[in-house]
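Taking the hints into account, I'd like the entire structure generated from these sequences.
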Amino acid sequence: VADSIALEKYLVKVNPVEAMLDENYFWRKLLATQGDQVDVGASLFSVQKQLADAEEEKGALMKQNNRYCQQLKTLMEENRRMKQQRRIHVRDENDLHSILQKDGIDVKQFGTGR
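Residue numbering for the sequence shown follows the numbering used here, starting at 1 and increasing by one per position.
Worth flagging that the hints you see were computed from the coordinates, not collected in a lab. One should not assume that every hint holds.
[What the hints assert, rightly or not] Pairs of lysine-lysine, BS3-like flavour, derived with a Cα cap of 30 Å:
(1) Lys83 - Lys49
(2) Lys83 - Lys58
(3) Lys29 - Lys49
(4) Lys73 - Lys83
(5) Lys49 - Lys13
(6) Lys29 - Lys58
(7) Lys63 - Lys49
(8) Lys102 - Lys73
(9) Lys63 - Lys73
(10) Lys73 - Lys58
Here is the structure:
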């Protein structure tokens, strides 16, 4: 990159006294390197507001995500508990046949998906 291009685009002279006195000094310098000639104070306020809004939205989304994770955990625990309650203890094939016949299920069609 030629010196004439780099001097104002990539390398910018900084005044340390101004930087200490003006809290928006570096924002102004950054916008100047991008060729932005608008009112820096107004545009900086807009950028800061957008950043604050984005942070607020991020916080709200993180809280919502935590609630969803907790709901998922609760549902998984409930599902596991329901499976435990509905479990049928079968000792062997004969025991299975007797349980099915007791409930009126045709043993020959059991497990065929009909």
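Hints versus structure:
Under the criterion of a C-alpha separation no larger than 30 Å, the hint pairing Lys83 with Lys49 is inconsistent with the structure, at around 51 Å. As the CA atoms of Lys83 and Lys58 are separated by approximately 37 Å, the hinted pair breaks the 30 Å bound. A hinted pair counts as satisfied when its Cα atoms are at most 30 Å apart, and Lys29 with Lys49 qualifies at roughly 19 Å. Proposed proximity of Lys73 and Lys83 is supported: the alpha carbons are some 15 Å apart, at most 30 Å.
In summary, the hint linking Lys49 to Lys13 is supported, as the alpha carbons are separated by about 28 Å, within the 30 Å threshold. Under the criterion of a C-alpha separation no larger than 30 Å, the hint pairing Lys29 with Lys58 is consistent with the structure, at around 28 Å. For the suggested pair Lys63 and Lys49, the alpha carbons sit about 21 Å apart, so the restraint of at most 30 Å is met. A C-alpha spacing of about 37 Å is found between Lys102 and Lys73, which places the hinted pair above 30 Å, so the restraint is violated.
Restraint check for Lys63 and Lys73: the C-alpha separation of about 15 Å stays at or below 30 Å, so the hint holds. Distance hint between Lys73 and Lys58 is fulfilled; the C-alpha atoms sit about 22 Å from each other, no more than 30 Å.
Violated hints, listed in ascending order, are 1, 2, 8; each of the other numbered hints is respected by the structure.
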